[in-house]
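Chains as they are written, first to last, in my numbering: chain B, 1 to 256; chain W, 1001 to 1162.
Hints in this document: simulated from the structure, not taken from any laboratory. A quick note: this is a predicted structure, and the numbers were derived from the prediction, not measured. There may be inaccurate statements among the hints.
[To be verified] So, partial list: chain W residues that the calculated Cβ filter (under 10 Å) puts toward chain B: (1) Glu1046; (2) Ala1049; (3) Ile1095; (4) Pro1126; (5) Ala1131; (6) Cys1133; (7) Gly1134; (8) Ala1137; (9) Trp1144.
[Claimed, not checked] Calculated from the model, a selection of chain W residues having no Cβ within reach of chain B, i.e. all distances over 12 Å: (10) Arg1009; (11) Gly1015; (12) Lys1017; (13) Leu1038; (14) Pro1039; (15) Leu1045; (16) Ala1077; (17) Ala1083; (18) Asp1087; (19) Gly1106; (20) Ala1116; (21) Asp1158.
Even for Gly, the Cβ is constructed at its ideal location relative to N, Cα and C.
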Amino acid sequence: MAKQDLSFRTSLLIGAGSLGFSPNPRGPVDLSLFGVFITHPISRRPRHAAETRAQIQFPGGFLLHSGLPNPGFHGALRLYAAQWAGASLPILVHLIPGDPVEMAGMTRALENLENIGGIELGLRDDILPADALAMVQAGLGELPLIACIPPARAAELGALLAKSGAAALSLAPARGRLPGANGEMVTGRLYGPALLPLALEAVACLVHTGLPVIGCGGVYTPADAAAMRAAGALAVGLDAVLWRGWILEDTQTREN
Amino acid sequence: MPGQGLTLRGPIGRGFKLPTGTRRVALVALGGTPARLLPVARQALEKNAGVTLYADFMPQAAALRDLPLAAEVYPLAYAAEAAAWADYLAIDAPIERLASLPAMFGLEKGRPLACAGQVLVYTPMPCGGLAECGMCAVRTRKKWSLACKDGPVFDLADLVFG
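Start from the sequences, fold in the hints, and give me the full structure.
Structure (structure tokens):
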């Protein structure tokens, strides 16, 4: 069990990868609406952009294949730790470790930083159940740990991680596959309003674990956020809707 | 939908920067339209520089109607001459055509361009510079850069092709 509690000022969160590595107080998105900022996924070693990057539209959303480029854990600390410390809202650092040893090392290093509200552990779609459990256990320490689960495996991994020591569960972007410009198949993360029914179903699975659930995926309107809460989500993460630079009817999105 | 409100953000990133004292400007449009090069043409003509556009458009094409009359237009096939004639080269290239630039301008084996040159890398920017999503990543000599933040205009000499 983490020594720090997981708590959010409001139940609306900036989802992983939605607004970069650190909050921009001069950006177009009103940060005061949000309870926490979740960083872009960060790996132990630097990752370059995928050579075969693609953004492919489909009705109701789009597929994104970027390779999750990031400066690596130590590069991220060098670039962003001071910004995280001075941010107006707590930071959850989203980690994508290659193995439990990497997870443990990054977790320990984050415990020494200011204004880190917790860690979100990104679990791969194809992770073995035993490996998922080992990753979570390696990340347990001073900071609350949120296990970020692929929606397609919500029932299986949710049940497995219910007693793992994770402070909460969240949903990763769903993954999908579409033909690219040259007919080749491209796999990637899916965003857009069309993902809401899938995300609601996954939230409904996860609430049975008894752990707090952060619902993410397909939330584009205040009504979508309300549906997430009605499905049992304690908090709601926004993703690509933020790329508009504004939120629909944001005064209604704010909690009462 | 008619009547729907639009919210515009920007401009973001870096644009073309015409070097001081430039006398001959070559514009190379590889992106299907010269529109993104027109501000450079106007700026150069205001400074009494000669302007030539290399593009694959018919002279009567609608895409050319906003080009100042003082600018000359040549087919893209003659673009190789641009680097020899001009003292500043402004290129608009979709990211998938960057790899064709070394052959087009004789830059193979690391040979530098004979004049100053900049490239507007036209690439999808789904996050509009808000998330560092990496979709607009461009390989430069020192690092992977982002067109939304470090570009979309890059010095030709900084780009890594292929």
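Check each numbered hint against the structure and report the violated ones by number, ascending.
1, 2 and 10
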